[in-house]
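Protein chains in written order, with numbering that gives the first Met the number 0: chain U, 0 to 289; chain R, 0 to 289.
Just to be clear, a hint being listed does not mean it is correct.
The list treats identical chains as one, so a pair stands whether inside a single copy or across any two.
[Said to hold, decoys possible] Listed next, the in silico BS3-like pairs over lysine-lysine satisfying Cα-Cα at most 25 Å (straight line):
1. Lys107 x Lys134
2. Lys76 x Lys134
3. Lys76 x Lys24
4. Lys24 x Lys134
5. Lys107 x Lys61
6. Lys76 x Lys61
7. Lys227 x Lys24
8. Lys24 x Lys107
9. Lys107 x Lys227
10. Lys61 x Lys227
11. Lys24 x Lys65
12. Lys65 x Lys107
13. Lys134 x Lys61
14. Lys134 x Lys65
15. Lys76 x Lys227
16. Lys134 x Lys227
If you're looking for bench data, these hints aren't it; they were derived computationally from the structure.
2 protein chains.
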Amino acid sequence: MPKPSMTVRELIRAQYESLTQSERKFANSLLENYPAAGLASITIVAANAEVSTPTVARMVQKLGFKGYPQFHQALLKELEAKVSGPNRRRDNWATEAPDGHMLNRFAKSVTQNIEQTFANIDMTQFDAAVRQLGKADSRLYMVGGRITRALADYAFTHFQVVRPRVTHMTSSSATWPHYVLDMEPGDTLLLFDVRRYETNLQRLAEQANERGITVILITDQWSSPIAKVATYTFHCWIEIPSGWDSNITTMMMLEALIAATQEENWPETRARYDRLDSLFDTTFLFKKFP
Amino acid sequence: MPKPSMTVRELIRAQYESLTQSERKFANSLLENYPAAGLASITIVAANAEVSTPTVARMVQKLGFKGYPQFHQALLKELEAKVSGPNRRRDNWATEAPDGHMLNRFAKSVTQNIEQTFANIDMTQFDAAVRQLGKADSRLYMVGGRITRALADYAFTHFQVVRPRVTHMTSSSATWPHYVLDMEPGDTLLLFDVRRYETNLQRLAEQANERGITVILITDQWSSPIAKVATYTFHCWIEIPSGWDSNITTMMMLEALIAATQEENWPETRARYDRLDSLFDTTFLFKKFP
DNA sequence: ATGGCTCTGAAATTAATTTGACAGAGTTTT
DNA sequence: AAAACTCTGTCAAATTAATTTCAGAGCCAT
Numbered sequence: 000m001p002k003p004s005m006t007v008r009e010l011i012r013a014q015y016e017s018l019t020q021s022e023r024k025f026a027n028s029l030l031e032n033y034p035a036a037g038l039a040s041i042t043i044v045a046a047n048a049e050v051s052t053p054t055v056a057r058m059v060q061k062l063g064f065k066g067y068p069q070f071h072q073a074l075l076k077e078l079e080a081k082v083s084g085p086n087r088r089r090d091n092w093a094t095e096a097p098d099g100h101m102l103n104r105f106a107k108s109v110t111q112n113i114e115q116t117f118a119n120i121d122m123t124q125f126d127a128a129v130r131q132l133g134k135a136d137s138r139l140y141m142v143g144g145r146i147t148r149a150l151a152d153y154a155f156t157h158f159q160v161v162r163p164r165v166t167h168m169t170s171s172s173a174t175w176p177h178y179v180l181d182m183e184p185g186d187t188l189l190l191f192d193v194r195r196y197e198t199n200l201q202r203l204a205e206q207a208n209e210r211g212i213t214v215i216l217i218t219d220q221w222s223s224p225i226a227k228v229a230t231y232t233f234h235c236w237i238e239i240p241s242g243w244d245s246n247i248t249t250m251m252m253l254e255a256l257i258a259a260t261q262e263e264n265w266p267e268t269r270a271r272y273d274r275l276d277s278l279f280d281t282t283f284l285f286k287k288f289p
Numbered sequence: 000m001p002k003p004s005m006t007v008r009e010l011i012r013a014q015y016e017s018l019t020q021s022e023r024k025f026a027n028s029l030l031e032n033y034p035a036a037g038l039a040s041i042t043i044v045a046a047n048a049e050v051s052t053p054t055v056a057r058m059v060q061k062l063g064f065k066g067y068p069q070f071h072q073a074l075l076k077e078l079e080a081k082v083s084g085p086n087r088r089r090d091n092w093a094t095e096a097p098d099g100h101m102l103n104r105f106a107k108s109v110t111q112n113i114e115q116t117f118a119n120i121d122m123t124q125f126d127a128a129v130r131q132l133g134k135a136d137s138r139l140y141m142v143g144g145r146i147t148r149a150l151a152d153y154a155f156t157h158f159q160v161v162r163p164r165v166t167h168m169t170s171s172s173a174t175w176p177h178y179v180l181d182m183e184p185g186d187t188l189l190l191f192d193v194r195r196y197e198t199n200l201q202r203l204a205e206q207a208n209e210r211g212i213t214v215i216l217i218t219d220q221w222s223s224p225i226a227k228v229a230t231y232t233f234h235c236w237i238e239i240p241s242g243w244d245s246n247i248t249t250m251m252m253l254e255a256l257i258a259a260t261q262e263e264n265w266p267e268t269r270a271r272y273d274r275l276d277s278l279f280d281t282t283f284l285f286k287k288f289p
């Protein structure tokens, strides 16, 4: 009998470290669909998580329950309490967080931002941009501003895996002309510019545009002036309740582009993935994960 | 199998007339404490209503269920549906995108990941971590791995605005010992480690931990081994339909921490914001935005 | 009153769930 | 490379739950 004040979810979280591989498999299955995935009989529950029944039985004992039935009861009680409880308010994301807590306000705006951003993607533009990003025979440059530099970096790390000829233009704008010098028609420039918009970036975009480079711009809902010269523009909703802007949707936009590009170029990129993987295997830098 | 659209409560009401005396006894017991009084095994449920098990069995069959287990399941489903609220599940996010389009598949997993991640944040840990991150009198170090380096960079840019004494440990792990040398008890190390977990990071975390540094770890749902030595650990769900992992939730976690820290230290940080703003104004690097 | 009727719960039967023992696979240590 | 160890699933025994059977209780009409 574990502490009665703790939810099963908390119990799992607290003991997650001491769980074995298969036990985690079940734990994840439960957490992903909580608590529904734990309400059936042990046989069904185990089958859904693709582990054996003894694994589940052992784990619930590890969590402190006398047996599966106790565990089952505990889940039911929780569920019941939640329904009859005073504040079964759905906008409470972090189940335990109080209404006014930063986490909940934050979660709310993030969700809204994501919905807005997705709803405003122009499919034609998206698909065209993806095709452009996948053109492995030309160069792909990327650059960001003060804040979005990190995103350009992230983009670089991933596109480098997806395709060859990728360049991250470092943040020192003094060096940008050198890059422009080497750009050729057909090349691509992936550009991040959110408020406050940076004049350096705008000049860079204009120069690139004059040289016949395809400019893909990821900006915010208010649109950077660069949009005027960009071939494709994607707007991201970035307002959150704080003094600065969130870049979750910006990164989401970026990841969506990467994912689509990767899918488009499959299986060429697959070969690159595999090669990279075997390189990692020989460097011992990384741990194998289950 | 009764009409799936009907709740058990409605079923009972509809057939109440045709129920016998003992059956009504059970029905009332259930309706009085609905649905809790129907969630246990038939034996217990019957005992609570002070009727025999056959009575219950007969009645649920009369209601249209094949047997008690079916009835039980139906109650659970109802309860579950109630908790998860009005299913506002959007199948198509990008309004124009067809069902199978990458964007929609992507949006779906991202949403799930976000929900998962939020639901699994331990409030106590979160608040404590925020307090630690806001301790302006000690140093705050941050570091990431191959992929998460960009996130550490992003974290640096923002925390630098929020508070003084912030250091981004550059990606070359050869230089890390030098940083450790300068770390002092009370300092904080914000660490990103998602799969594939990096051994260098683990060694760094262990050393920091030995020196009495508070280690805040942001990792994935499978948990980096660093969690063993970390003071606070936050798990992010990062799986998307692609060969690599999404870091949207990782960034979200980070932003949430930043936002909370900023709120915690208001108005000290406000002064820094204002100062930064006037600095920008004098450099002409940035455009004014509306 | 008594035969016919329905309803009820004890007990027996049947089905299912849960747990413990064990052996093989995989991993780490010596 | 061998040994020790840990983990995992198969299987069978034990426990528990659900269903069926059936005898008796209550009720009503004759």
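Within a copy, between copies, both or neither: which one fits Lys134 and Lys65 at a CA-CA cutoff of 25 Å? Neither. Shortest intra-copy (60 Å) and inter-copy (43 Å) distances fail the 25 Å Cα cut-off.
Reference check for the pair Lys134 and Lys61, CA-CA at most 25 Å: within, between, both, or neither? neither (53 Å within a copy, 37 Å between copies)
Is the C-alpha distance from Lys24 to Lys107 at most 25 Å within one copy, between copies, in both cases, or in neither? Result: close only across copies, 22 Å inter versus 29 Å intra.
Quick one: Lys76 to Lys61, C-alpha cut-off 25 Å, is that within a copy, between copies, both, or neither? within (20 Å within a copy, 28 Å between copies)
One pair to classify: Lys107 and Lys134, alpha carbons no more than 25 Å apart. Within, between, both, or neither? neither (38 Å within a copy, 27 Å between copies)
Could you figure out if Lys76 and Lys134 sit no more than 25 Å apart (CA to CA) within one copy, between two copies, both or neither? neither (47 Å within a copy, 40 Å between copies)
Quick one: Lys227 to Lys24, C-alpha cut-off 25 Å, is that within a copy, between copies, both, or neither? Answer is between; shortest inter-copy Cα gap is 19 Å, intra-copy 50 Å.
At most 25 Å between CA atoms: does that hold for Lys61 and Lys227 within a copy, between copies, both, or neither? Answer is between: at 18 Å across copies they meet the 25 Å cutoff, but 55 Å inside does not.
Under a CA distance limit of 25 Å, which applies to Lys76 and Lys227: within one copy, between copies, both, or neither? neither (38 Å within a copy, 31 Å between copies)
Intra- versus inter-subunit Cα pairing at 25 Å for Lys107 with Lys227: neither (32 Å within a copy, 32 Å between copies)
State whether the alpha carbon distance between Lys134 and Lys227 is at most 25 Å within one copy, between copies, both, or neither. Within one copy, since 23 Å is at most 25 Å while 44 Å is not.
Between Lys24 and Lys65, at a C-alpha cutoff of 25 Å, which is it: within one copy, between copies, both, or neither? For Lys24 and Lys65, only the intra-copy Cα distance (21 Å) is at most 25 Å; the inter-copy one is 33 Å.
In summary, the numbered hints that this structure violates are 1, 2, 4, 5, 9, 12, 13, 14 and 15.
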